[in-house]
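Asker: Going by this note's numbering, the sequence shown opens with residue 1, and the numbers climb by one from there.
Honestly, I wouldn't trust all of these hints.
Said to hold, decoys possible - Label pairs and their in silico Cβ distance ranges:
(1) HIS68 / THR151: 20 to 28 Å
(2) ASP90 / ALA36: 36 to 44 Å
(3) VAL209 / THR88: 25 to 33 Å
(4) VAL101 / ARG180: 38 to 46 Å
Source of the hints: derived by calculation from the structure; they are not laboratory data.
Yeah, the Cβ is synthetic: ideal placement off N, Cα and C, and Gly gets one too.
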Amino acid sequence: MKLTQLMKLSNNGLNTLKIALISSCLIAAIPTQVKAASINILNHSFEGPEAPLSRFGEFAIGGGNINHWIASSTTGVFNPSKSDANTTFDAYYNEPVPDGVQVAWSNGGNIFQQLSATLQSNTEYTLGVYVGQRNRSGFVGYNIELLAGNTVIASNNSITPAPGTFSLVNVHYTSSNNDRLIGQSLGIRLSSFGIQTNFDNVTLEATAVPEPLTILGAVTAIGFGTMFKPRFRTSKCSIKQYIVLKSPKIIPGQEYFSFH
């Protein structure tokens with residue numbers, strides 16, 4: 001095999017090594033898809049207690065009586081479908097409730113639950129709550145808050161459902177590696193600013209966020225490629241010998257080397 005061919009093979013091998021090293025670093029820098037984990041919320045769709053028939057013909061209960069939630073006296077649970085079938089108010093919903101058969105209601109009170117899960121580092125949290133506006137209810141607004149300990153870390157009240165419907169409202173928070181609230185218990189608080197705000201199907205998901213890698217890996221790969229570059233020893237004699245003995249034609253600008 002001619003020396004020029006050997007040199008081309010050597011250069012091709014070096015380039016392949018560089019590409020492989022850089023590619024491996026770039027692949028490592030791309031975050032892999034991580035499946036979200038659901039955090040347990042007790043009585044997340046307010047199915048307990050079962051709402052009894054009230055004196056107004058509705059199936060509802062108040063006094064803050066919501067299983068596993070700490071609630072103000074101006075809150076409770078009720079069953080819109082059964083209430084609609086038993087009354088002529090036409091003041092409920094034009095669609096089924098998002099989950100189960102009951103929802104929570106609030107006439108200006110708070111509904112709170114402290115979870116067993118704690119805030120973890122480098123984690124994205126997504127709190128989801130369906131907010132309902134009853135027909136002819138005089139809806140004036142609400143607030144959904146995610147807490148770590150006693151600190152509100154994220155909230156949302158920007159979406160207003162149309163009368164007779166529910167809308168999904170999401171609250172997002174991403175913790176850092178040195179978040180000062182790491183280890184604090186997570187909590188959920190649902191509030192209304194007036195009468196007849198309804199809540200349903202509360203969920204909370206956590207997704208680990210890989211720490212970003214810097215370009216250092218790619219730079220290091222290039223450095224390794226330079227370190228592994230073959231070194232050739234040359235001399236005027238060896239070049240001349242090769243030109244005289246092996247090469248009938250001289251290509252301008254082309255270098256010829258021999259190995260020792």
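Asker: What hints, given by number in increasing order, does this structure fail?
Answerer: 3
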